[in-house]
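Novice: Top line first, the protein sequences correspond to chains A and B.
Okay, so the first sequence: first residue is 22 according to the working numbering, each after it adds one.
Okay, so the second sequence: first residue is 572 according to the working numbering, each after it adds one.
A portion of the hints provided could be inaccurate.
What the hints assert, rightly or not - Taking lysine-lysine pairs in the DSS-like style, the calculated list, with each CA pair at most 30 Å apart, reads:
1. B:Lys-595 with B:Lys-815
2. A:Lys-545 with A:Lys-415
3. A:Lys-743 with B:Lys-595
4. A:Lys-701 with B:Lys-707
5. A:Lys-79 with A:Lys-23
6. A:Lys-78 with A:Lys-23
Claimed, not checked - Pulled a few chain A residues facing chain B out of the computed Cβ check, cut under 7 Å:
7. Val-193
8. Val-196
9. Leu-716
10. Ala-750
11. Leu-755
If you're looking for bench data, these hints aren't it; they were derived computationally from the structure.
Every residue gets a Cβ at the ideal spot worked out from N, C-alpha and C, and that includes glycine.
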Amino acid sequence: MKIKAIRLSEVGRFSEPVAIEDLSGGLDVLAGPNELGKSTLLAGVKAALFDKHNSKKKEIEALRPYGGGAPLVEVDIESGGRLWRLRKRFLSQPMVELTPLAGGPSFRGPEAEIEFGRILGTKEDDGRFAMLWLSQKDSIASFLPDKVDGGIQSIEDALAQEITSVAEGNAVSSVQREVRRQLGELLSSHATRRPIGEYRAAQAAHEVKRQAMAGVRTRHAAVTGLLDRLVVTRSDYERLASPELTAGRQARREAARSRLQDAKDAAARRDAAAVSLRAAESSLTQRRAAHEAFEASRREAQRLDGAIAESEAQLSELAGPLVEADEAVRATVAQIRILRESGEALESERKGAAAAETRTQAARRIADLTASWRAASEARAQAETARTALNATKVTQSLVATAGAHSREIAVLRAQLAASAPRIGVRYRPGAEGAMSIGGKALEDGGWRLITEPTPIEIAGIGQLRIEPGTSSDCDEIRADLEAREAALEDLLQQAGVGDLAALEAALAERREIERTLSDATSKLAVLATHGLERLQAELAREQGKLAGTPDEDALTRPLAEVDAELAQIRKAHAKRVEQLDEERQVVARLRESIARLSARRDGDRKRREDIGAGLARIEDLDAYATALARQAEDAESEANAVRRTLTAWSEKAPDAQGLQALEAEQAVAEADIANADRKLQELQLDIANIEGQLETARNEDIEARLAEASAELAAAAAEEKRFADEAAALTLLDRELSAIETSTRDRYLRPVIARLQPYLDVLLPDVVPVLAGGFGLDRIVRNEREEALSRLSDGTQEQLAVLVRLAFARLFSDVGRSVPVVLDDALVYSDDARIARMFSVLEAASTHHQVIVFTCRETAFRGMRARQLSLAPWHRTS
Amino acid sequence: MAFTLVHTADWQIGKVFGRFEAEKAAVLRHARLEAATRIADLARSNGAGHVLVAGDVFDSETLPRTLVLQALQALAAQSGITWHLLPGNHDPARPGGVWDTVAVAGVPTNVRLHLRPEPAEIAPGIYVLPAPLAAKATSNDPTAWMATAPTPAHATRIGLAHGSVQGFGDEGDAAVYVDPAITRRAGLAYLALGDWHGTKRIAERIWYSGTPEPDGFGQSDPGNALVVRLDGTNVDVTSHAIAKFTWAERRIDISRDHAASAIETEVNALGARSFTHLLLLRLEGFLTLAEADASEARFDQLRARLFDLTLDRRGLSLQASASDVESIADPALRSVATRLQTMAESPGGEGPIALLALKRLMALSGSGSADQKP
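Excised from the complex, chain B in its bound form (with noise of 0.2 Å):
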């Protein structure tokens, strides 16, 4: 018998994205709310009734009882669609934590919580195994209780986890650990994971959906979800984009004249789209004073058709250019831009200091187009 579900995971509702101006922030923090109703076209369109939230539905266990409302209609309003929610680390299934709020708040009917480790029917002879977390990190493997998990014979067993695989992934040491042979122990047709926020295949009935909402730079594949389809022993995972913002890094040489107009072409090529793109722009290579004030009119005004841009400057070196230096007429101040230009060159503590001075020597003497004041 065909079975098709939707997998996703890490929705992290009302996460907070501090280092954005407030109201960038808002709208990241809503966007998280609103993939729900994404991911629930996309189970509708595939035609699966079914949603396993793989662990870290919200962000923290001290939620405000509102979003965590907010985020309960939005799942109600979904008709057709059962939503099965499980405790990850960031909201684990523990006294007082988010799922007291959540049942204090009422769950929808379309709704299941799945805060023991007992077998749940979701459908016919169709078993979900949950593994849910009691703590934001433990030493024991929360799937191992899926290998004796009684269940009727024939019952297709579906895994439903959070947790990092060993051997796998760069995130670091992991606060749990989810040991993938599990899946052949206790005879797992499919084993949902979250907590990783890119998409990812473990093994063929193993899969880390991914956030379906990236929220930071330098993730893999973030913006997904699976559908996945079991037929008998067959198993079909399929991965959709559902984000609606784009986490974007680059890095470019900016002493080079091409790159940064490649960037630029990149964004022009985005369109009205360009206005859900946070784009972190890693800056290296060396540019002179003169140049940099230039190249930073340049960002400027591709910032404004971004939602958000982000300068890395740690790779970019200033430095004061013969240029520079010979801008300025007067001997005597020339000469003391001299002595500054050595000093920001020279290894020390003192460089950024006297690549500062200098740049305010070019303002004064009529050469520069820094600022008159601090």
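For reference, chain A alone in the conformation it holds in the complex (with noise of 0.2 Å):
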């Protein structure tokens, strides 16, 4: 099909009508700025070309003028190789009317619509397919290539009737549809797709069910337990509530009680006899000790009445000795006493001889001092003579010192001037000797003289020989030097008050005697009088004081040393004799003692003596008394061992302390059983009543019907759980395989697409590989490789690419026989000059399949567009 001319009135914003007459067919182009009226052109011809005449929808009221009236459309196509005329009016008195412009019946109402189908070669109800369009909006905001009543499906119906080979799409689409919608009824929409609706509330329930029937197995294996349990504690009680087990704890606690009083008894017993034992022990340690106390009285007068005979012989025999030894002692006190006062007549003699021996001593000493102090007193004189030696000598070790190096100095001048002065040789010849001489000297023969200074020498008989030495600056210097050192020479010695060198060395060689003979003097001074002459003196002085205090030494009769043997000897004896004291004294003390003691001792034998005898005097017959209380401990002693046999008789029967704790024990076990079984059977009647009342609230409760039910209710829900899941399960692979055959569908639909679209890329964008997607939308691209999402494109290149798609799908339908014209309204608005150069050659190629109705504001842009320019006039309606 192709358009051929366009009228419109009534329509939009057109006030009068409008035409575009003599399209091409081709590639045709409406230029022209906005608000020209190209996009109401559009929309009328969609309108009579889809839309049915009393069409009242939205796009159809969209047309209707701002001041009210009848859209009116006319199209004149050419379809087949003949023209004809669809004419439709919108809303008021809306009609169709398609008339043969070569000649021959119109058809109007419904016939037109069906004829028109048929001119278009389809049905009526879907051979709407007859323009595709593009929109700018529509090439930005969607990819669909066109956007019929029904969109996409028209589409696809369109290619299935035209591509026989692929038209089973449309039914699994259908069936996939309503397969995600039952499945979005059982299973979430998220990755991991859970149970929700009634699937979610089966599970829900089995789960419910899982944990009654888990909490009423659980209650029935607690019955079935407590029916075991009552079985038990049944059998416990009866054995234990026995008669014969009842009858063997009493009898246990009987003997034990019949064993622990018999122990207890014969203990009683047991200590009665050991409390007469200890009588009876008792009373016969009282006989014997009175028989024994008897017997010892008259033993003990017997033994008193010697000892005091004895002691009284014994003091007799002392008295003598004590007398001597009295005697001793007087003599050698006095003895003691001469000796002493020999003593004190030596001491006093003593003294005398010991003062005259100090004033000896001291005359000694006062001799010695005066001698130092002699000889201190001429070597501080010495001394002093020497000091007044030096003051006086001028001469020095540094003057000497001086001259000497002066000395030195000139006698090396005076060689260096020798030196340089001339020599004279003298040779006489025989008989002339002396006949020269110099100053009256003569000069010897073979010997030499150095002339220094202008020297005459005398010849005899010939005259004088004038002879100066040469001269010179360094002898000048030298001479000069030797001059002044000479000068210092002289002064040197003159200070020191001496001719020459020779006598000042021998001056200096005297200061250094006398500088030795002061040291000396010094030090002896030094040694002699430490602190000083004065101090010496001064002791000398005192030691001649003490000598004068002493007494006369003629007063002495003895020497010391004889006084001091003599009184030594006279101490010795005394000391003798005074030791000798103490020993007669020890006798007689020790003497003394042995008497006061035997003394004493046969006092109280005397005493114990009277009160025995005064005891003993009471008794008659002595003898007869011993064997009555000899008699009476005999019997004492027959009863105690009456007593001890029936101890020992008690002891073997009573038990000791640890037997009768184990009889204690014993009896106290016997009784913890009994009390023990008492308390266990009371337990266990409370256990049995506490068992029998669950059992009766489980027979109430009918447990085995409870767990039948819900054994039942679970396998129920879980039958009805595995349905959903089932059925989830089915749904998901019917999908997948739906799915499967989909991809498979579309992909054999796309590819005829894709083909036709490439060529028209490779001149626009020629690195771009096109990824078509269901709904027959252009994807997304693979570029260098990479895929690029379309959002991400500039807008110019996704208007490019959507024109690209909808010339495809205009070649496609071209291809199967079907010529569809593409319109683009401003399609290309974003497109650079390079591109839209592309795009006319793109479009150009197109034209030369099908037609292309360009409607564009960019005038000077398409104006080198090799297309036929089309332009809006005022339609003249002839009818």
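Please dock the two separately framed chains into a single complex, following the hints provided.
Specialist: And the structure:
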């Protein structure tokens, strides 16, 4: 189909009827400014081609002019080599008329709609696909190739009809939509799909029933357990309460009690016997003591008589020695007194001798001090003399050293002068000896003489020979230095008061001798009077004073040593006597002590004897009395033996403390056994009542019925959940298989579209490979082996791709024998100049296969395209 | 001297039929209580004054007191009949058990409880030697004591026991074993046994009466009570149907056209009695999805005529046939159906799911009758 003319009246913004005539059927361009009404034109054509004349949908309503009216659209088309005119009026007095322009009857009303579909080669319902178009907003908002009624479905239907080999895609999509709807009622849409709705409810119900079943099972097991427990508990109770066991426990307790009582009785008898034994033994002890005491008294009386006599005899023996000892003491005391008096006399004599000795020693000390004082005085005088001499001499070591230096320098200078002076040798001819003289002194034969100064040599007989040494600056300097040195030496000698250097050195030697004398005198003084001569003199005076205070040496009778020797003898004799006196006095003391001790013992014995004698005196017959006491002791012993035998007998019967404790423990165990049994029986009774109570409750529950009911409900819930699970699995599987077949189908659908799109892309975007999605929209592109989402492409590229997709579809239709025009309504507004130029090439190429109508506001840009330029003109309606 | 008695067992009063819906379960539970009346009628009609119940009178030890009372009242109502009740492994005589409940409720005068292994003279010269169980299981033969049980000379000794006879039956390991030789050793005129729910003759004088009211499928000859006539050394045992409900089991190859029809014919022949029939149909063979839908409709009709119909489909194989797949017009959907068909026929866990998916696809494509929603 090709559109040859478009005419509008009372449509949208057009207040007056307008028309575009003489479309080429190839590439037609209507260029004009905005608000020209291009989109209104497109809307009118779409309404005429795709909407029934009596449609009142909003798009049709939108065609009505602002001032009201009935939109009228007239389109001339060429199809199958014939020209037709389709006229439709909408809204008010709607009508449709299809007129063959080559002549022939017109069609009106529904017939016209049917005939128009037939002309297009399609059925009425899905034959509306007659044109592809693209508006500016569509190009960016969507990549759907068209937006006819029913949207993509119409395209698919059209394709399905046109391409019979791929007609099955429609049914798959329909079934898959239903499958997904049903699946959506069972599973969530999350990545990990979870049960929802009835499936989730069935799952939850199953879980509830499972928990309920577990609870009932637990309860059932508990009830069964109660029965088992009751059997055991009753058995325990009956066994514990059996007469045999009860009688046994009581018999054990009675036996234990009896054994304990017997043991206690025996212990009491044993204890009583022990008390009796202690009394009998006490009596026996008393009897024996009385007998033994009597016999002891008698023996003691005899012993005391002997002892008293013995003491008297010993006292008599000690009286004589005591008198002798007293006498010896008195004699020794007299001797000691004599020796002490002699000693005192000698002590007095010794004091005189000691004083004389002291005086002699003081005189010797004074003599020594006097000699020292004199020598020290002499040394000090020598020192003073030496110091005076030293002060008088002007010769010093440095002065001598300086003079020596000058002297040695003078000798050197003189030698230097001599070395530079001429030397003359003297050789006389025989007989002429002494003929030559200098200063009147004849020159020796064979001798040599230095001439250091102008020297006249008198030659006898000849005259005078004057010789002058040569002059030079060195000699002058040496000579001047020599003179200075000699002058300095002379000054030094004068200071020293000596004539030459030898005298100066002699004066220096004398000074050193004086210094030695001074040193010796000073050293001597220091030794003799360390602290000075005055202190030495003072000490001498002190010693002399001491001597003046001592007695006269003539008063002494004997030497001190002699007196000391005699005094030592006297002292030794005195000490010996004193020692002897101590020994003698100890002898006296010991004798007196023995006498006192013997006297006391004798007196004590006498007193004891008197007491015993008084006691015994009261007994008439001592022997008979002793016999009676012995018999009483024997009787007491017999009685004690009898009691002891009794004690032994009960001790054997009565248990010890440990045994008694064991019997008490035995009885306690027997008592505890009974108490425990009673308590256990009570507990068992309680348990039995408790279990029976619980069993009664269980019976009322009808636990078996509950278990069966819960089991059945669980099975039903499980089956229900499984049914949903199976259904979900089946729907999932079906969805997967449908997706697989849908993908396969779509690929087959799209393959011819892609094949026709690619040549256009090669012109416009050579490096781009398109990827179409379901619904025939462009999904993404692949450029340089990288996929790019459409949203990331520029607006210009997006709109160009949108145009190309539509051209590809139109080419597809054209190739299967249906030429479909493509209308572009300002669809290329973002494209740059380079792209728009290439797009012109594409459009021109496409227009050789089908009509391309371009509405554009870019008048200048589209002027270069090889196309028929259209213009909007008034439509002069004829009817 | 001739003596006639009725031998029954395994009443299991109070049994719960949990896998049935509540109303049916209640009916089945009550039917076990009603059996006593029919047994009493049988006894009376055969001149028997004593009914020996060989164990498992009650189904469990913790039955509600009201249910026990109902049972005792049902027994008490049967005048002229003396009931001899023996504890079995379901209702062992142990403390706290159902027999305590019976004692508390009050034992009717025409009921004798045999809770201890001791001879009981039930008629002049007729002694019952009971072997009551005190636990659900025991390794001792409870009848062993009968060999030395003291009874007067020339007394007729009737053993009453509950357990499995070794070497017979196919009910697996039994909780209680009974040695049938005890009959000879103890000089028993008859040994009345309980435990097996089907009527079975072990020997001339040894019988299992079975349960008077069946309680499951697969039981061999249940629903009877035995009339036992003892006359000197002779014994005559006859079995009498007692049950109200019939539990039948059939195995059919559903892929054969006539199989289902035969069942329908059988049920139709029952007339009104079909409403006391429980039928377990074990389905075998192969069905296409379309056939499965059709057969389900037939079974629904059959189910309405029975007390209960249970279908065991474990032996049935559903298959998506070529016709199932071909019924889908759309070629793409048909190719999906073909893939699902292949999956369904492949071994592995996804087969049933694939079959289900195929059914769903057929429904959505308008070629099947499967439900639209799960």
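Novice: Are the hints correct? Go through all of them and say.
Specialist: Hints, one by one, checked against the model:
{"no.": "1", "hint": "B:Lys-595 with B:Lys-815", "result": "14 Å, holds"}
{"no.": "2", "hint": "A:Lys-545 with A:Lys-415", "result": "27 Å, holds"}
{"no.": "3", "hint": "A:Lys-743 with B:Lys-595", "result": "25 Å, holds"}
{"no.": "4", "hint": "A:Lys-701 with B:Lys-707", "result": "29 Å, holds"}
{"no.": "5", "hint": "A:Lys-79 with A:Lys-23", "result": "27 Å, holds"}
{"no.": "6", "hint": "A:Lys-78 with A:Lys-23", "result": "26 Å, holds"}
{"no.": "7", "hint": "Val-193", "result": "5 Å, holds"}
{"no.": "8", "hint": "Val-196", "result": "5 Å, holds"}
{"no.": "9", "hint": "Leu-716", "result": "5 Å, holds"}
{"no.": "10", "hint": "Ala-750", "result": "5 Å, holds"}
{"no.": "11", "hint": "Leu-755", "result": "4 Å, holds"}
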